[in-house]
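The hints should help you fit chain A onto chain L, whose structure is shown.
For reference, the chains in residue letters:
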Amino acid sequence: MHLDPVADMQLLVSGLAIGSIYALVALGFVLIYNAVGVVNFAQGEFVMFPAYIAASFLLPAVTVFGTVVHWQLPVLAVYALVLVLMVVFGLLFNRIAYHPLRDRGWLPVVISTIGVSIFLRNAAQLTWGSQPLVIPSFFPVDTVAVGPLHIRPQDLLIIGVTALLIAFQYLLFERTTLGKQMRATAQDRTTARLIGIRVGRIVAITFVYSALLGTISGLLVAPLFTVTKEMGGLIALKAFAASIVGGFGSIPGAIVGGLAIGVIETFGGFYLSSAYVDAIAFVILIAVLLVKPSGIFGERVAEKA
Amino acid sequence: MGRKPLIVLGIVVALALVPLVVRSDYVLTLLDLAGIYAIAVMGLGILLGFTGQMSLAQAAFLGIGAYTSGYLTTHMGWSVWFAMPCAVLLSALVGLAVGYPCLRLSGHYLALATIGFGIITQLVLINWKDVTNGSDGMTGIPPPQFGPWLLDSYGRDYYLVLAMVVLCAYVAWRIKTTRVGRALHAIRENEIAARATGIDATRYKIIAFVLAGAYAGLAGSLLAHDIKFVSPDSYSFDQSVVFLVMLILGGSSSISGAIIGALLLTMLPEVLRPLKSSYIMVYGAAVIAMIVFMPQGLVGLFAALRARFEHRSPPADAAPAGLLGEAEANAV
Chain L
457 MHLDPVADMQ
467 LLVSGLAIGS
477 IYALVALGFV
487 LIYNAVGVVN
497 FAQGEFVMFP
507 AYIAASFLLP
517 AVTVFGTVVH
527 WQLPVLAVYA
537 LVLVLMVVFG
547 LLFNRIAYHP
557 LRDRGWLPVV
567 ISTIGVSIFL
577 RNAAQLTWGS
587 QPLVIPSFFP
597 VDTVAVGPLH
607 IRPQDLLIIG
617 VTALLIAFQY
627 LLFERTTLGK
637 QMRATAQDRT
647 TARLIGIRVG
657 RIVAITFVYS
667 ALLGTISGLL
677 VAPLFTVTKE
687 MGGLIALKAF
697 AASIVGGFGS
707 IPGAIVGGLA
717 IGVIETFGGF
727 YLSSAYVDAI
737 AFVILIAVLL
747 VKPSGIFGER
757 VAEKA
Chain A
10 MGRKPLIVLG
20 IVVALALVPL
30 VVRSDYVLTL
40 LDLAGIYAIA
50 VMGLGILLGF
60 TGQMSLAQAA
70 FLGIGAYTSG
80 YLTTHMGWSV
90 WFAMPCAVLL
100 SALVGLAVGY
110 PCLRLSGHYL
120 ALATIGFGII
130 TQLVLINWKD
140 VTNGSDGMTG
150 IPPPQFGPWL
160 LDSYGRDYYL
170 VLAMVVLCAY
180 VAWRIKTTRV
190 GRALHAIREN
200 EIAARATGID
210 ATRYKIIAFV
220 LAGAYAGLAG
230 SLLAHDIKFV
240 SPDSYSFDQS
250 VVFLVMLILG
260 GSSSISGAII
270 GALLLTMLPE
280 VLRPLKSSYI
290 MVYGAAVIAM
300 IVFMPQGLVG
310 LFAALRARFE
320 HRSPPADAAP
330 AGLLGEAEAN
340 AV
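Protein sequence lines correspond, in order, to chains L and A.
Numbering-wise (the numbering used here), the first sequence opens with residue 457 and increments by one.
Numbering-wise (the numbering used here), the second sequence opens with residue 10 and increments by one.
I should point out that these hints are in silico values taken from the structure, not numbers from a laboratory.
Values in this document were obtained by computation on a predicted structure and should not be read as measured data.
Looking from chain L toward chain A, a few residues come up when the C-beta cut is under 10 Å (computed):
#1 552
#2 556
#3 562
#4 563
#5 579
#6 735
Part of the chain A face toward chain L, derived, beta carbon under 7 Å:
#7 110
#8 117
#9 121
#10 122
#11 125
#12 132
#13 289
#14 290
#15 293
#16 294
#17 296
#18 300
#19 301
For glycine and all other residues, C-beta sits at the position ideal for the given N, C-alpha and C.
Here chain A stands alone, though its shape is the one from the complex:
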């Protein structure tokens, strides 16, 4: 374990050096996007991976964050630095408002209720024209100003996104490794047993919903100021599915997995570009193959490979019994 903080630090330093080596605005844009998605996916990870509560509305929370930020900066003339926390706060509050009635639901019911919430949110974004400007979306959202620097080019935005990813990953890691994380984990494995040991499952599930909303709100706000434009299409059900797939691909209860999943699936369409329009089809097929052959996601796969390579059993925390593992087959 002693090496782990050093490895993480090394990766962060390496990532910080990327804009010095990669001069392409295009690649940096993609990395920005991947980082922003990684934040949203980590939020979903807290809800689904840590706590076992399904949500297919993460993109809707992203949209709430993006539109809040967009509205406060363009219509009200607020500074980005005030708008961003408001976006996080509002998304978190909506997370509370959605999470509370959803407490009674689990599994498929919860999945559907969140889909319903996502669709209603999108309809509101399209139809509440005074605030959202309808299907045309909002343009001219200002980039953040940091001291003397206007974070408008992607190379500069990159550092903001990177800092936020590191912050969010740190918070998620703190949650995972402390009392709250263990409570969430217990709820995921067996809610009744968790309650029996004195865990206030209601409270912790609401905390998970609020955190997922807050992460998505931050991601949405960053996205709005990064691409300077919001439109309802970006926050659809399909995008929520993409977040879910990113999380599952990485490994649902792993923080590094969430980031790797977001990075890979943001880059994948670009790699598959030679396939042109058929890439999403390949993507759909890849999802099925992934679920069938890699139930623990990439992180689980790496752990298994490493274990095989080193001729020993994987460490207990490296290959968590994921939501997709055999262990959970009858636990729902």
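Bound-form chain L, shown alone:
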């Protein structure tokens, strides 16, 4: 195995890009987990569903329910539409999949989110068929030359948007009343309710915010992959793995874990085995669970009571 600095730099950029996607989805997991103490197994569908909606309005012709439709709209209008729809989606998800089960422990909620996931995947297949859709990139070229490197501009966009979102979230949590209420709810729901925070509303907002994080990752990643009903599943599982590697429940952990998994997986896929590339995240996960189950930033090992 010889090291090639140019190839390595390119791998690093791609790795950071896909790692940013994992980080965003992992943040969605962690925020919901902190707010309500359960893992949302439909997080991948928060990525897949908006990508399909966006594709329906970005492409000149899309087959919906077996009929070809021409819904093409300006790009910004489409993104605004998708974000609005996903706010509604997040509220509905909270109302249907979480709210009725909120007092019944974690397993019913986990199974209910798995139910939503099955429902949405197949609703997508029914609506858009099994043919993958391709969302065009913003950029006219696939790669640009930066010195000796060939970099995908989409990768840079992903990294940039992720950095902005993380900065936004930091400000939200540290500087706004809403953010402080979200943190208080995450720390201790009972006490939060006692000091007058409307916990139900904060939980609903958390689901919406998490849905939006998924949406943005879906829109960012769609031009790199094709839009299929399966696209969210593996991203979500790896993001979940990333959040545990980083330390479950920890926000910096989700970000660092996501980036680390993205980079290691990209290098591993190139240097070790492209056939087993999807196993890398889980091998790391199982190793971390065995050696240091609390992850890089985590302190708790046990589940929240």
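Relative to the frame of chain L, chain A by itself:
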């Protein structure tokens, strides 16, 4: 309680008569499949229902059993009757290998670690082409030969599957009603308290993992010889979820519930066939509705209905405080 063995015997005899009445190969195939899934679901029941340990890798264990059986019979020319115990043994050993490091984990962590194991297993099945023949799968797996009979038509296979279901249900029932079962139950309800009363929780949790693996290995081996074909797609994460749903639908800590759940959900797609491709969507919605409205599964529902009908409270063992019941809300 005196009536119970008679009822069970009656049901088994009735099931044994089914191939004499139902002549359709198609229906018998489905019943075979339901029986095979019932074995896998009972195994999951021992792990999740009895012991409270989540696993989303049951289909992967099924795959290990199916491929072991397939490889030993097609590549090595072994008899099915030697391959089958080997499949059970290997799945049980993998159960041990997975269970041991997972002991420290619980709840979501355990769920995810098992998902990871399932995905790795599937990747190995796809990529270890020398042994598994990759995505194409293995064909030409021989059916079992029992004395003068080759168990190749579904009517004959049916009896093998039925016998195995009865055997597995009996073993599960013995486990549930003896010391081991009570230890597993204690671990499910409160592991710390169980340890405090002198239960070796580590040992019993490993036993549960090994049993779940063994059940799945048997189911996988039966499946391989029944449909004479194995491919990686049949042992995916989605299939593990289906097993979980079967268990929850039936009632997670009930043996009859596991069998009823497997039977219903194997038949359901056929009943929903008029809905064509939207059936899995309906299925997903049904899962949510089920969890919301029937936390104890069908067995719990029947017990509650019977209690209402007979104007008395349900017997203690008929409606166990399931994993999905209110009682457990804060026990995790």
